[in-house]
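Number of protein chains: 2
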Amino acid sequence: MTIYFAGSIRGGREDAKLYGELIDFIKRYGNVLTEHIGDQSLTEENGEGLHSRYIYERDITWLHSADVLIAEVSTPSLGVGFEIAKATQWEKKILCLYNPRKGKTLSSMIAGCPLITNVEYITVEEAKNAVDHFIKDLQSSLK
Amino acid sequence: MTIYFAGSIRGGREDAKLYGELIDFIKRYGNVLTEHIGDQSLTEENGEGLHSRYIYERDITWLHSADVLIAEVSTPSLGVGFEIAKATQWEKKILCLYNPRKGKTLSSMIAGCPLITNVEYITVEEAKNAVDHFIKDLQSSLK
Numbered sequence: 000m001t002i003y004f005a006g007s008i009r010g011g012r013e014d015a016k017l018y019g020e021l022i023d024f025i026k027r028y029g030n031v032l033t034e035h036i037g038d039q040s041l042t043e044e045n046g047e048g049l050h051s052r053y054i055y056e057r058d059i060t061w062l063h064s065a066d067v068l069i070a071e072v073s074t075p076s077l078g079v080g081f082e083i084a085k086a087t088q089w090e091k092k093i094l095c096l097y098n099p100r101k102g103k104t105l106s107s108m109i110a111g112c113p114l115i116t117n118v119e120y121i122t123v124e125e126a127k128n129a130v131d132h133f134i135k136d137l138q139s140s141l142k
Numbered sequence: 000m001t002i003y004f005a006g007s008i009r010g011g012r013e014d015a016k017l018y019g020e021l022i023d024f025i026k027r028y029g030n031v032l033t034e035h036i037g038d039q040s041l042t043e044e045n046g047e048g049l050h051s052r053y054i055y056e057r058d059i060t061w062l063h064s065a066d067v068l069i070a071e072v073s074t075p076s077l078g079v080g081f082e083i084a085k086a087t088q089w090e091k092k093i094l095c096l097y098n099p100r101k102g103k104t105l106s107s108m109i110a111g112c113p114l115i116t117n118v119e120y121i122t123v124e125e126a127k128n129a130v131d132h133f134i135k136d137l138q139s140s141l142k
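Protein chains in written order, with numbering that gives the first Met the number 0: chain A, 0 to 142; chain B, 0 to 142.
Just so you know, these hints were derived from the structure itself, not from any lab.
Incorrect hints may appear among the rest.
It does not matter which identical chain is meant; a pair holds if it fits inside one copy or across any two.
[Unchecked claim] Each computed EDC-like pair below joins lysine to aspartate or glutamate, with the alpha-carbon atoms no more than 16 Å apart:
| # | residue 1 | residue 2 |
| --- | --- | --- |
| 1 | 135 | 66 |
| 2 | 103 | 13 |
| 3 | 91 | 34 |
| 4 | 91 | 136 |
| 5 | 92 | 47 |
| 6 | 91 | 66 |
| 7 | 127 | 66 |
So that you can see chain A by itself, here it is in the shape it has in the complex:
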């Protein structure tokens, strides 16, 4: 199984450590294309330090080739929103993990989209359980 993991880079890196922990967990289920999202040396100011067009083409190609999109959506991000919509266009299986925070609620374009499996979590264990259920449901639907 090929998995595209999406998390905020330019929108803010406060959850970079969490992304890394989730990616390490998700790797047990397949090939994660976007391991760099969890790299804590990657900052919102500099991103990956590559040209935008190069990153766009690379990420769109990766997403198109993936079976599954798992997105952490607690930090608002244009790129993550863009990737989720492209995944709906390409009929990927989509899991969005959302940690509700004081004064923030999830965008209706994500929370209200019938093509997305939306799960709210508080602890990292809950997020991992959600991933586990999502992947196992997928695997049993493919049998």
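Following the hints, complete the assembly by docking chain B onto the known chain A.
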């Protein structure tokens, strides 16, 4: 001409007044479907106070019916990113207006996307000029 204007709601409302000013300007070129984006009484905590599924279906239907998407992308937003990607899927004409701020750079999924006209601006006048050029170019290409 039917225009869908996109700006952050749940991602943050610090630019609500600017959105209102841009929408008032854009109305001279056609019908703006999303005038509420500029409503300063609309907060990130409560959004529109409607069900997510309702907002999703309404906004997706509006966007699908629009000729043009104009997005203000200075505040990271999942919903705006989602809408821009759907607009690429439906081959809409897309203008993204970006005010570069200290420590923030635009997502590569927007800045690097060849289907988007990206314009950086500082003053509101510059943003209005960008809208004017974009619409006039469109109008002359339709002639």
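Hints, verified against the model:
For the homomeric pair residue 135 and residue 66, the shortest alpha-carbon distance inside one copy (14 Å) is at most 16 Å, but the shortest distance between copies (42 Å) is not. In this assembly of identical chains, residue 103 and residue 13 lie within 16 Å of each other by CA distance both inside one copy and across copies; the values are 15 Å within and 14 Å between. Taking the shortest alpha-carbon separations for residue 91 and residue 34, neither the intra-copy value of 19 Å nor the inter-copy value of 32 Å comes in at or below 16 Å. For a Cα distance limit of 16 Å, the shortest separation of residue 91 from residue 136 inside one copy, 14 Å, qualifies, whereas the shortest one across copies, 36 Å, does not.
Taking CA atoms no more than 16 Å apart as the test, residue 92 paired with residue 47 passes in neither setting, with 27 Å inside one copy and 28 Å between copies. Taking CA atoms no more than 16 Å apart as the test, residue 91 paired with residue 66 passes inside one copy only; the shortest distance there is 6 Å, against 27 Å between copies. Taking the shortest alpha-carbon separations for residue 127 and residue 66, neither the intra-copy value of 19 Å nor the inter-copy value of 42 Å comes in at or below 16 Å.
Of the hints listed earlier, those the structure fails to meet are numbers 3, 5 and 7, in rising order.
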